[in-house]
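Chemist: The chain contents come next:
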Amino acid sequence: MTNSLTELSQLLAAAVEKSGQHVVAVHGRPRMASSGILWRPGLIVAANHTITREDEIEALLPDGSTVRARLKARDAATDIALLELDTTLAPAPATPVTDLKPGLLTLSVGRSATNGTTATMGVLSAVGGPWRSWLGGHIEQFLRLDLALYPGASGAAFTDTHGNILGMATSGLSRTSIVALPAVTVNRVLDALLSTGRVSRGYLGVGLQPVALPAELTRKADVPNRHGVIILSVEPGSPAELAPLYVGDILLKLNDKSVEDTDDVLTTLEGLAVGAKMEAVILRGGVRVEASIEIGERPAQS
Amino acid sequence: MISASFGEIAERLRRSTVEVKTAGEAGGGSGVVWNAKGMIVTNAHVARSKQATIGLWDGRQYPATLTSRDAGRDLATFKIDARDLAPAVQGNSRALRPGEIVIAVGNPLGFTGALTTGVVHALGPVAGVSRRDWVQADVRLAPGNSGGPLADSQGRVVGINTMVVAGRLGLAVPTHDIERFLRAGRTATPHRCRRATGTLEPFHRSVAHRSHSGYTRCAGLAAHRRHSGRRRWPPIFERRRLERRHRRGGRPPDDPVRAWRQAVCAGTGDPARGSVIRVQIASGSPVIRAGLESMLEDQPDMEIVDGGGEVLLVDATEEPVHSHAEMSVVAMCLATFPRPTWQPQSMRHPRA
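If you read the sequences in order, they're chains A and B. Following this note's numbering, the numbering of the first sequence begins with 1 at its first residue and continues without gaps. Following this note's numbering, the numbering of the second sequence begins with 1 at its first residue and continues without gaps.
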């Protein structure tokens with residue numbers, strides 16, 4: 001009674017059953033539960049956008065029991081919420097990240113409040129390098145999934161066909177597609193949340209817009225730029241105000257790297273620790289000015 | 001069956017799938033040959049009349065008679081007088097596990113014998129649709145798949161494809177419910193009922209719920225009664241009155257069916273308790289239909305009958321549609337659908 005299709009079917013069902021042992025349903029918002037992964041002993045990783053309550057959060061465990069969970073910390077920028085609960089259930093085993101390639105057959109394994117384990121199948125449709133989410137979170141690897149996440153499945157485990165949990169699937173990081181957070185990102189964010197309660201990100205406190213520069217100006221300022229970014233606003237008390245930077249200044253270089261777009265500023269900030277000094281080359285009133293800015297910490301976003 | 005390739009499984013399933021066309025309808029649904037005696041199982045919303053034409057995989061066409069129909073579970077059976085049928089093998093819907101591969105065959109959008117595969121998403125009720133069991137399958141279904149088979153990886157039928165929710169989640173009536181229906185075989189003789197004339201209109205509005213914080217966007221059906229004879233408040237006003245009372249601290253209209261029943265009673269005269277309220281909805285309004293069905297499933301004395309546009313006795317219901325994209329579960333029945341009009345046309349030059 002076996003054929004190759006049945007074998008594949010059994011393989012997929014077994015993978016869902018295996019990874020489903022580490023997937024819980026989380027009641028963290030009105031009406032509809034979402035999914036979460038038992039990532040470390042007593043710690044659940046869930047999709048931050050599905051946790052709208054700060055307390056009275058409950059988790060439905062794979063063994064059918066419901067336990068109270070506490071919101072320990074959250075990082076909206078990577079859509080990770082960390083919940084703590086009392087359970088002796090084994091967390092998902094740490095899977096070494098193999099080289100993920102587009103086309104890999106993948107499953108999303110969630111848990112519904114009423115129906116137990118839920119699953120969808122698809123392929124890993126794109127694998128890219130590091131990227132930044134729309135809320136500014138740094139994510140080590142871009143993983144786009146060509147599968148459906150049905151209501152309540154955000155926070156589901158993203159697994160291979162052997163049931164190895166490779167990351168967390170969420171619909172909260174892209175409007176157009178399902179994106180998975182790789183395990184390495186989850187681990188890094190988890191470590192940061194556990195040690196300091198937050199993920200600190202570099203901050204200048206400026207509003208920026210790219211502008212094209214006339215060749216004469218850049219020649220006078222002695223920079224190779226064709227574009228710079230103009231400062232449109234300066235937050236009170238921010239590192240930029242203390243530097244000081246003024247509205248109308250045009251950033252040309254940060255730490256000897258040309259700045260042509262707002263993205264370049266964010267990339268430079270990403271590689272630097274809070275408290276580090278950053279040397280900036282600025283065009284102020286047509287005159288080249290150099291300034292030193294001490295990077296601050298970005299205020300929390302919810 | 002020792003070993004069969006995917007192609008063989010698909011072909012066998014395709015031969016057990018039929019096209020169901022009811023009189024006066026532009027499109028059609030699908031059905032499953034249930035046994036060699038000519039029993040065809042399909043959805044009740046495909047079986048819109050007592051007579052239908054069943055088209056087999058090899059092109060043969062047979063007239064069929066409706067033998068049973070259960071609008072609540074959305075199942076119906078037809079009988080055809082044919083030989084050399086290829087009945088479907090029945091599987092065990094209770095033994096399915098999430099992640100197992102499933103195959104759906106049907107006649108979506110006018111294509112005959114189209115096949116699609118996916119995996120079982122979950123098993124059980126779907127919040128916002130109904131409290132009944134469903135095989136929830138991550139397969140791509142389209143209008144015209146209604147009544148067609150959903151089979152496991154060995155080609156054994158585990159459900160009848162019925163509707164799509166949340167954009168693309170296919171819901172199939174599980175085989176164990178089909179078997180229960182076949183044993184009971186509820187026939188749909190419309191009961192006698194009081195009649196009033198009116199129309200149903202979809203509406204969208206914001207309603208403050210006491211039990212939840214903030215506002216919820218609600219979509220539902222507003223019932224308007226065409227006035228005749230003794231003047232009464234039309235139901236829409238009655239419903240507003242209930243809502244107003246609720247805002248002032250009265251009993252919340254938490255039970256929409258009850259609220260609507262009150263509204264209907266106020267608008268149409270009071271049907272005796274226990275009498276059958278017949279809700280006839282305009283054809284071609286699958287969303288309205290699905291909403292009604294989910295609200296009326298626990299009301300055995302209410303029944304939905306498809307009509308040709310006019311509504312006989314007005315009842316209506318209200319199903320909250322959550323504004324957050326992740327929470328919206330909007331049901332769309334895979335009802336019949338007109339054949340595509342973009343079939344190739346001859347490129348003959350017009351005569352001069």
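Hints are supplied without guarantee of correctness; some may be wrong.
Coverage of chain B stretches by chain A, computed from C-beta distances (three or more under 8 Å per stretch; other residues unrestricted) [as the list claims (entries may be wrong)]:
| hint | stretch |
| --- | --- |
| 1 | 98–109 |
| 2 | 115–125 |
| 3 | 149–156 |
| 4 | 172–180 |
Label pairs and their computed distance ranges (CB to CB) [said to hold, decoys possible]:
| hint | chain 1 | residue 1 | chain 2 | residue 2 | range |
| --- | --- | --- | --- | --- | --- |
| 5 | B | 124 | A | 55 | 26 to 32 Å |
| 6 | A | 93 | B | 37 | 49 to 55 Å |
| 7 | A | 162 | B | 179 | 23 to 29 Å |
| 8 | A | 162 | B | 176 | 52 to 58 Å |
| 9 | B | 124 | A | 90 | 22 to 28 Å |
| 10 | A | 52 | B | 176 | 33 to 39 Å |
| 11 | A | 129 | B | 184 | 56 to 62 Å |
| 12 | B | 184 | A | 88 | 44 to 50 Å |
| 13 | A | 212 | B | 111 | 51 to 57 Å |
| 14 | B | 176 | A | 88 | 34 to 40 Å |
Far from chain B, some chain A residues (derived; all Cβ distances over 12 Å) [as the list claims (entries may be wrong)]:
| hint | residue |
| --- | --- |
| 15 | 40 |
| 16 | 41 |
| 17 | 86 |
| 18 | 119 |
| 19 | 132 |
| 20 | 153 |
| 21 | 219 |
| 22 | 230 |
| 23 | 266 |
Derived by calculation from the structure, the hints in this document are not laboratory data. These figures come from a predicted structure and were not determined experimentally. Every residue, glycine too, gets a C-beta built ideally from N, C-alpha and C.
Chemist: Determine which of the earlier numbered hints do not hold for this structure and return their numbers in increasing order.
Modeler: 4, 7, 8, 18 and 20
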